[in-house]
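Participant: Residue-level listing of the chains:
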Amino acid sequence: MTHGSPLATVVVFHLGPVPVAKPVVTTWVIMLLLAVASWASTRRLGLIPMRRQAMLELLVTAIVTQIEEVIGADARPLVPLLGTLFIFLLAANVSGLLPGVQAPTAHIETPAALALIVFSAVHVFGIRARGLFGYLASFARPKLIMLPLNVLSEITRTFSLMVRLFGNIMSGEFLIALVLALAGLILPIPLMALELLIGVVQAYIFTVLATVFIGAAVGGETGERAAASS
Amino acid sequence: MDAKIISIIAAAVAVSIGSIGPALGEGRSVAAAMDAIARQPESAATISRTLFVGLAMIETMAIYCLVIALILLFANPYA
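Each protein sequence line maps, in turn, to chains B and G. The first sequence lines up with residues 1 to 230 when you count with our numbering. The second sequence lines up with residues 1001 to 1079 when you count with our numbering.
Among the hints, erroneous ones may be present.
Residues on chain G that point at chain B, a partial pick, calculated with CB under 8 Å [to be verified]:
#, residue
1, R1049
2, F1052
3, V1053
4, A1056
5, E1059
6, T1060
7, I1063
8, L1066
9, V1067
10, Y1078
No lab work stands behind these hints: they were computed from the structure. Note that the Cβ used here is the ideal one computed from N, Cα and C, for glycine as well.
Okay, chain G solo, but in the shape it has when bound:
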């Protein structure tokens, strides 16, 4: 197996496994925010702003994986 095929497989594995964690985390945080908004609808603005910032933080993990995959596919130093 040459380096090109290995890096294609590695890119697919990086994205697919790397997005499991952020997906679970985002699901949990959205569920918690929904719960909070249902209990206190008057603080919905603050909660949703904090939620967006938090989601951006969690999403960064998945995007790191995407960047690794892109580097493997398009800027690979070994292939």
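In isolation and in its complexed conformation, chain B is listed as follows:
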């Protein structure tokens, strides 16, 4: 085994009584880089976009259109959460390809935290859109007998959101490490390209699924159809 159990984490240092593990440090660095990059790239915005601003607008518009197509309603209240989620996941999944860095999403704690954020966001947006009782009543549809299944699916889909991201990224890193240990120089490169693709696709899927879940809770027509098909 090249880097031991994928379920174990390496503690780097202790912050008082709290042990700080390696994925946490990586997450902090990614957060810092993304925050500084966002601040720097939105510092001087003009009415006529320069090259940097045009790229930024392209990214934000693409995210907004994607969300709008999924939920079929105004996407602007969701953009801060889902856009941040997507950009963070993109950076986190791809960061595993840098030498010496392990993707924070390859350890189960980071996907668990992100899935919990999505889990809470679904209920917050649902209650905000329908009111507390309207939202609670939506669990008993189409019939009251569906109530336990709806509650159960609420939990299992959050769990599978976590496990999907963790499983994909971790198995990719594991595969690369294994091939690197077996046969040295050129062979891991196509696998790393594949891992790049998988990282981007998983970031996209995580964000789209979060959008679908929130859309279903908010209760647009499209959202319900998407939730029924998933």
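Assemble the complex: chain B is given as a structure, and chain G must be docked to it using the hints.
Facilitator: For chain G alone, coordinates are given in the frame of chain B:
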């Protein structure tokens, strides 16, 4: 046979048998999506987005097996 060897075999069996079903399912759904895109190329964007979400759902089954295998290999309570 001690518990360690049994869990290694169980992990291999879990992944190998557990990935048969999702593989067949993903193949069917990709084939159906290809068919749909060939018939209606203008709705390719919607079809491929739904395909990706559906593939993620199907793939979850295989990943559950992977997680079971990992638990058996690295966090086994019996070995």
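Participant: Take the hints in turn and mark each one as holding or not.
Facilitator: Against the structure, the hints:
1. R1049: 7 Å, holds
2. F1052: Holds, about 6 Å.
3. V1053: 6 Å, holds
4. A1056: 4 Å, holds
5. E1059: Holds, because the Cβ-Cβ distance from E1059/G to chain B comes to roughly 7 Å (cut-off 8 Å).
6. T1060: Since chain B brings a Cβ to about 5 Å from T1060/G, closer than 8 Å, the hint holds.
7. I1063: Interface hint status for I1063/G: holds (4 Å vs cutoff 8 Å).
8. L1066: L1066/G check passes; min Cβ-Cβ to chain B is 5 Å, inside 8 Å.
9. V1067: Because about 6 Å separates V1067/G from the closest Cβ in chain B, which is inside the 8 Å limit, the hint holds.
10. Y1078: Nearest chain B Cβ about 16 Å off; hint violated.
Hint 10 alone, counting from the list given before, is not met by this structure.
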